[in-house]
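Novice: Now for the letters of each chain:
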Amino acid sequence: MSALPAAAPSRAIGLETRGMTKVFGSLVALDDVSIDVKPGSFHALLGENGAGKSTLVKCIMGFYQPTRGQVLVNGAEVQIPNPKAARDLGIGMVYQHFTLVPSLTATENLVIARADVPAVIDWRKEKRTLAELIDRLPFKVPMDVPVSGLAAGEKQKLEILKQLYLDQRFLILDEPTSVLTPQEADEILGLLRGMTDAGDLTILMISHKFREVTQFADDVTVLRKGAFVGSAPAKDLTVGAMSRMMIGDMKLRERAARKPYTNQPVVLELAGLFADDDEGLPAVEAVSLKVHAGEIVGIAGVSGNGQSELIECLSGQRPLTDGRLFVKDEPYEPERRKMARFKVFGLQEEPLKNAAVPKMSVAENLAFRSFDQPPISKGRGWLSPGPMRARAKELIAAYRVKTPGPDEPIQNLSGGNVQRAILARELSSDVDVLVVANPCFGLDFASIAEIRGQIMDQRNRGAAVLLVSEDLDEILELADRVAVMSEGKITYVALASETDRNTIGQHMAGHH
Amino acid sequence: MDDVGLSTVLLAMLAGAIRVSTPFLFVALGECLTEKSGRINLGLEGTLVFGAMAAYAVSYETGSPWLGVFVAGLTGVCFGALHGAICKLKGVNDIAIGIALMLFGTGLAFFFGKGYIQPVAPRLEGVQLGSWSTDPSVQKALEVNPLFLIGIALAVVMWWAFRNTRLGLVVRTTGDSAPAALALGINVDLVRFLATAAGGFLAGVGGAFLSLYYPGSWTEGLSSGQGLMAVALVIFARWNPLACFGAALLFGAAGALGPALQSIGISRGYHFFNAAPYLMTLVIMILSISPKRSLRGAPGELSITK
Chain A
1 MSALPAAAPS
11 RAIGLETRGM
21 TKVFGSLVAL
31 DDVSIDVKPG
41 SFHALLGENG
51 AGKSTLVKCI
61 MGFYQPTRGQ
71 VLVNGAEVQI
81 PNPKAARDLG
91 IGMVYQHFTL
101 VPSLTATENL
111 VIARADVPAV
121 IDWRKEKRTL
131 AELIDRLPFK
141 VPMDVPVSGL
151 AAGEKQKLEI
161 LKQLYLDQRF
171 LILDEPTSVL
181 TPQEADEILG
191 LLRGMTDAGD
201 LTILMISHKF
211 REVTQFADDV
221 TVLRKGAFVG
231 SAPAKDLTVG
241 AMSRMMIGDM
251 KLRERAARKP
261 YTNQPVVLEL
271 AGLFADDDEG
281 LPAVEAVSLK
291 VHAGEIVGIA
301 GVSGNGQSEL
311 IECLSGQRPL
321 TDGRLFVKDE
331 PYEPERRKMA
341 RFKVFGLQEE
351 PLKNAAVPKM
361 SVAENLAFRS
371 FDQPPISKGR
381 GWLSPGPMRA
391 RAKELIAAYR
401 VKTPGPDEPI
411 QNLSGGNVQR
421 AILARELSSD
431 VDVLVVANPC
441 FGLDFASIAE
451 IRGQIMDQRN
461 RGAAVLLVSE
471 DLDEILELAD
481 RVAVMSEGKI
491 TYVALASETD
501 RNTIGQHMAG
511 HH
Chain B
1001 MDDVGLSTVL
1011 LAMLAGAIRV
1021 STPFLFVALG
1031 ECLTEKSGRI
1041 NLGLEGTLVF
1051 GAMAAYAVSY
1061 ETGSPWLGVF
1071 VAGLTGVCFG
1081 ALHGAICKLK
1091 GVNDIAIGIA
1101 LMLFGTGLAF
1111 FFGKGYIQPV
1121 APRLEGVQLG
1131 SWSTDPSVQK
1141 ALEVNPLFLI
1151 GIALAVVMWW
1161 AFRNTRLGLV
1171 VRTTGDSAPA
1181 ALALGINVDL
1191 VRFLATAAGG
1201 FLAGVGGAFL
1211 SLYYPGSWTE
1221 GLSSGQGLMA
1231 VALVIFARWN
1241 PLACFGAALL
1251 FGAAGALGPA
1261 LQSIGISRGY
1271 HFFNAAPYLM
1281 TLVIMILSIS
1291 PKRSLRGAPG
1301 ELSITK
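Residue numbers (my numbering), protein chains in the order written: chain A, 1 to 512; chain B, 1001 to 1306.
To be clear, the hints were calculated from the coordinates, so they are not data collected in a lab. Predicted model, so just to flag it, every value in this text is computed and none were measured. The reader is advised that the hints may include incorrect statements.
To be verified - In silico lysine-lysine, DSS-like type, Cα no more than 30 Å apart, as pairs: (1) A:Lys343 with A:Lys328; (2) B:Lys1088 with A:Lys84; (3) A:Lys58 with B:Lys1090; (4) A:Lys58 with A:Lys353; (5) A:Lys353 with A:Lys225; (6) A:Lys489 with A:Lys140; (7) B:Lys1090 with A:Lys84; (8) A:Lys353 with B:Lys1088; (9) A:Lys209 with A:Lys225; (10) A:Lys338 with A:Lys359; (11) A:Lys209 with A:Lys489; (12) B:Lys1090 with A:Lys359; (13) A:Lys343 with A:Lys359; (14) A:Lys353 with A:Lys290; (15) A:Lys58 with A:Lys402; (16) A:Lys251 with A:Lys209; (17) A:Lys353 with A:Lys393; (18) A:Lys359 with A:Lys402; (19) A:Lys84 with A:Lys58; (20) A:Lys58 with B:Lys1088; (21) A:Lys359 with A:Lys225; (22) A:Lys353 with B:Lys1090; (23) A:Lys209 with A:Lys58; (24) B:Lys1088 with A:Lys359.
Extracted from the complex, chain A is given alone in its bound form (with noise of 0.2 Å):
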């Protein structure tokens, strides 16, 4: 595909790191890694959570300075001081949060992006330019709406046609497939890879999802807490050796198996719910869903299309605008006393945010379900803090929650062991409804297999289990039955065993 006339190969950029490394206090973020990004290749760069990935290319992009070790653009070594400099280098990073304006149109966006904006915008001769650049590139985007209103592959797309807009000939994606539907990732990524194929550019990603590096990529350099563990051709190397270049020889938690039923009762049940969101707009339509005992519902669906709210509807965060919700089929509104009384738990995503108070101690925060009762509580609104720290103590044993104690602020554990705090506090007891939303959103695979298994004992001991993910393995992997949803309706419910991930996908972006 030769998008650009003056397709050359010669347009795009190599780049190599020598020997970088990242000393932040005592912590060796990035140690002696060095890395060789060919010109007009797809260059896939592999990790896990706290790996590394994000400090080496924030070191290339001029954000931190190495403690030691050189970059080189087309085998001259050049200095970043700033991510200015890494602009004027041809070098441009697509991040995974939007970096957009989203009270600027398209069109605005790009133009206040480039480096000699005119004082007065003549924005009719913009918006010409922009046609011509626009006309040869494979990137369809809206031009005139703020980018509020865009959808997240439009996005995805319009920051890609930003660096292209700025002449940016290496361009470093970090996970830019996470908000998109496989097609849209597939899409994307496919004519990017044309335009490395043309020469035009070169592409450096961060990626964890083995099937988009092994379909795309022509290179793959994997680090490993801070380190190199290796570089080689995508083709060389199957799932398996990339999965244990990435873990090492670290010991994940077994998959649990899953416990054959039949019969089972429905147990949580959604009635016609429909929500608004903050806007004022419908962002739940008419979603009926019945749990059984025993089972796994996985909602898939693209962020934003109304999982959220639903999320918030079922856990009392947001006002139903009408429908109604059973447990056991008895009428259940999401307050204290019935979710006590049903024995209705959840995982929300971001639990920091959603779940957790993070200024108050982990103890306090795994009491949130049980401070009211004995033996925390013995009545009269005096809250006991002997039992409750020694409750504390068991749960963060049991569930290995690494704290320095039970009286440091929740907000001060990473990711990870606040995740498994709130797990224990979910958890611990009799759970009979689990609602469970992006419960792995950011984790470390060790805490993912540990997570994704205490789903799956719930599953086992009987309880039913809601499951809102926006990555389609995780359903895949913990489903019984995979519901999807496309702008706040179900739009398709299959059992996970006469499905696959074509057809979710395809549901998902909202074309069948």
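For chain A, the structure is supplied; the task is to place chain B on it using the hints.
Specialist: Just chain B, lined up with the frame of chain A:
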């Protein structure tokens, strides 16, 4: 109420809208600029009062009311810069600093202004736009202050500049998404500092109007919360400078309701009608804010919308 009475009241309210709205307009435009950059400066009430005092004092000492207006603007820059500089520090809340500066500004104005309550300073001259009419009340209603016209022009220019200039886009970017602004290499703190200082200038000029034109003297109860109401007005106007002008006229008309009714002999409930702008602020806040919806059009970085 007969027809003559009604037309008198309406004319008086129009006149009032033109006369009273100018300080609202200037403070609202200043606040609009500051909030577009992502900060809230509640201290503009203090800036307004201090500007009024400074303008009156300078006009009295030098005999030039326009020099007074300019100095009032400069004192506003100082207050805005102080707010902007303090808010740069880590962990500081712009609303709390705003309240502190509001009290500081009014207090300082009372302290320095004690000696200027009695003397009479030269005032700003109005422009006669009503000479085409023979009706003296129409002529009086259309006697406008140049600052009013400057305010209108400023609202239009700001509206245009937010869309069509680099500076406008930079301010909007900073106010809507600081991470995006940083990624573009914009110095977020500097933009906010300058926007707050410029907003302070406008609020100071608004104060000069109070003491040098209408009501036209320096007293301690001069502003009676207009600076704070202007902040509510910006929310009502959805951060649009043109809408700020409309809203300022509305607030001005509401403020003129009491005196207008009194002029045709309805004095019962005078104080109640005088409270109309305050009541309107309350009603607008209730109508425009709902627990279920977030504010549409609000800059994403404001501490009240985050």
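Novice: Next step is simple, just say for each hint if it's right about the structure.
Specialist: Tested hints:
In summary, the hint linking A:Lys343 to A:Lys328 is supported, as the alpha carbons are separated by about 11 Å, within the 30 Å threshold. As the CA atoms of B:Lys1088 and A:Lys84 are separated by approximately 23 Å, the hinted pair is consistent with the 30 Å bound. For a cut-off of 30 Å, the pair hint linking A:Lys58 to B:Lys1090 stands: about 23 Å separates their Cα positions. For the proposed pair A:Lys58 and A:Lys353, the alpha carbon gap of about 26 Å is at most 30 Å, so the pair holds.
Between A:Lys353 and A:Lys225, the direct Cα distance comes to roughly 27 Å. Compliance with the 30 Å bound is thereby established for this hinted pair. Using a Cα cut-off of 30 Å, the hinted pair A:Lys489 and A:Lys140 holds, with the two alpha carbons roughly 27 Å apart. Note on B:Lys1090 and A:Lys84: the hinted pairing holds, with a Cα-Cα distance of about 25 Å set against a maximum of 30 Å. Using a Cα cut-off of 30 Å, the hinted pair A:Lys353 and B:Lys1088 holds, with the two alpha carbons roughly 26 Å apart.
Among the hinted pairs, A:Lys209 with A:Lys225 is consistent with the structure: their alpha-carbon atoms are about 18 Å apart, no more than 30 Å. A distance of roughly 27 Å separates the Cα atoms of A:Lys338 and A:Lys359; the hinted pair therefore holds under the 30 Å criterion. Under the criterion of a C-alpha separation no larger than 30 Å, the hint pairing A:Lys209 with A:Lys489 is consistent with the structure, at around 28 Å. The straight-line distance between the Cα atoms of B:Lys1090 and A:Lys359 is roughly 18 Å, inside the 30 Å bound, and the hint therefore holds.
Restraint check for A:Lys343 and A:Lys359: the C-alpha separation of about 27 Å stays at or below 30 Å, so the hint holds. For the hint linking A:Lys353 to A:Lys290, the alpha-carbon distance of about 28 Å falls within 30 Å, and the restraint holds. For the hint pairing A:Lys58 with A:Lys402, the CA-to-CA distance comes to about 28 Å; that is within 30 Å, so the pair holds. With a C-alpha separation of about 20 Å, the suggested pairing of A:Lys251 with A:Lys209 holds against the 30 Å cut-off.
Restraint check: the Cα-Cα separation between A:Lys353 and A:Lys393 comes to about 23 Å, which is no more than 30 Å; the hinted pair holds. Between A:Lys359 and A:Lys402 the CA atoms are separated by roughly 17 Å; this keeps the pair inside 30 Å, and the hint holds. Of the pairs offered as hints, the one joining A:Lys84 and A:Lys58 holds, with about 13 Å between alpha carbons and a cut-off of 30 Å not exceeded. Distance restraint check for A:Lys58 and B:Lys1088: the Cα-Cα separation of roughly 25 Å lies within the 30 Å cut-off, and the hinted pair is therefore satisfied.
Between A:Lys359 and A:Lys225, the direct Cα distance comes to roughly 29 Å. Compliance with the 30 Å bound is thereby established for this hinted pair. Between A:Lys353 and B:Lys1090 the alpha-carbon distance is near 21 Å, which keeps this suggested pair within the 30 Å criterion. About 21 Å separates the Cα atoms of A:Lys209 and A:Lys58, which keeps this hinted pair within 30 Å; it holds. Among the hinted pairs, B:Lys1088 with A:Lys359 is consistent with the structure: their alpha-carbon atoms are about 24 Å apart, no more than 30 Å.
In summary, the structure agrees with every hint in the numbered list given earlier.
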